[in-house]
Amino acid sequence: MNKLVINKENLLQNVQKIKEHAQINLPDDNGNQVKIIVVVKSNAYGLDLKQYVQFMVNQGFDFFAVSTVQEAIEFRKQGFTQQLLMLSSTGIKEEIKNLIENNVIITIGSKETVNQVCEISKEMPEKKIKAHVKIDTGFGRYGFVYENREEMIEALKKLQDNKNIEIQGTFTHFSNAYYDEKYTRLQFKRFIDCIEVLKMNNIETGMLHVCNSSAFIKFPEMHLNAVRVGSAFVGKLAFQNNMGLKKVARLESQVTEIKEVPKGFNIGYSNAYKTNKKTKVAIIPCGYINGVDVQVGRDMFRPVDKFRYIIRDIKDALKKQGHNVNINGQICEILGRIGTFHVTVDITGKDIKVGDKATFEVNTTLVNSNVERVYE
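Numbering (this note's numbering), first residue to last: 21 to 396.
Warning: the hint list may mix true and false statements.
[Claimed, not checked] FRET-style restraints, in silico, Cβ to Cβ:
(1) 171 to 266: 25 to 33 Å
(2) 205 to 161: 15 to 23 Å
(3) 93 to 284: 53 to 61 Å
(4) 147 to 94: 36 to 44 Å
(5) 258 to 171: 31 to 39 Å
(6) 146 to 346: 54 to 62 Å
(7) 351 to 281: 41 to 49 Å
(8) 303 to 135: 36 to 44 Å
Treat the hints as calculated values from the structure; they're not laboratory data. Predicted model, so just to flag it, every value in this text is computed and none were measured. Backbone N, C-alpha and C fix where the C-beta goes; we use that ideal spot for every residue, glycine too.
Based on the sequences and whatever the hints tell you, model everything.
Okay, structure coming up:
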């Protein structure tokens, strides 16, 4: 049976390193410390929401964040009562009401959302609505556009005048913190400029936070009052870090069949691979439905992106071996195309038998939800 194994020791080490890094510039003059908001979107990055959140609660975390209404409701269904921030703004009345009814901190990023929230506050006068304001500093998704300051001020004054609505924080999101330092600093400046304008207009900004995992590591001077950390906890970063963060999960399966095939034998769909000698192969019931060699979609809008992917593909093509799997500590090459549920592996000359453990490195967010998650 396939399972995604989460190494609790590695996860705990990552937690400790991240806690230390969060306090690198603090406490400040007022004795405040940076708040870590634990992002648990996409089923806690594929690690199972219930088990992952409970692990984090046991480490002292009490503030979490998700990206969708469905994730927020599931968080509450699992029985967790900790602070929960919905990172995306929505102007859909039913969604806002659902979030408020489940004691979720909403994000407000447009005048349409402001109008809906004010209307809901009249319908639910017994509810104290908690909110964070999002400013779009150049990402092009949720949030008030940083240049439209008059619209932002007018909308937020309307919120502030409503005694049932409490603005607890203000934030933005960086678009390319892992690669583009210049643009990240520009976004940060835009955010700080907006905050100063809001304060000049006597608008409460609450907790300020801009850093995702990449910015949290690369730009400690931008930590402000809080940071949003998700992928760093699981050791999944877009760049090499110097913090020693470890990958925390591996996909495990077993060898279910072994056989020898002759020279010139086709392996896998489309006859994409043909053996060049008599070959001993193992069959493992783990394919792309389990996340094996599955990649997220490529962004091909800019020529530089196309060039980057071409270079990466050329490097992969020139490698002596293709995709590998670890079977009992022995690195074995996957032959042919990866199937939906199976892979065929070259084990020629290796001491491998049916039942031996096979381990894959995978993107945990892409592992099928039917695969069991085991913390050990």
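Hint by hint, here is what the structure shows:
1. 171 to 266: 25 to 33 Å: violated, 45 Å
2. 205 to 161: 15 to 23 Å: holds, 20 Å
3. 93 to 284: 53 to 61 Å: Distance hint for residue 93, residue 284 holds at roughly 56 Å.
4. 147 to 94: 36 to 44 Å: With a Cβ separation near 21 Å, residue 147 and residue 94 fall outside 36 to 44 Å, so the hint is violated.
5. 258 to 171: 31 to 39 Å: holds, 33 Å
6. 146 to 346: 54 to 62 Å: holds, 57 Å
7. 351 to 281: 41 to 49 Å: Violated: the Cβ-Cβ distance is about 20 Å, outside 41 to 49 Å.
8. 303 to 135: 36 to 44 Å: violated, 59 Å
Comparing the model with each numbered hint stated earlier shows that hints 1, 4, 7 and 8 do not hold.
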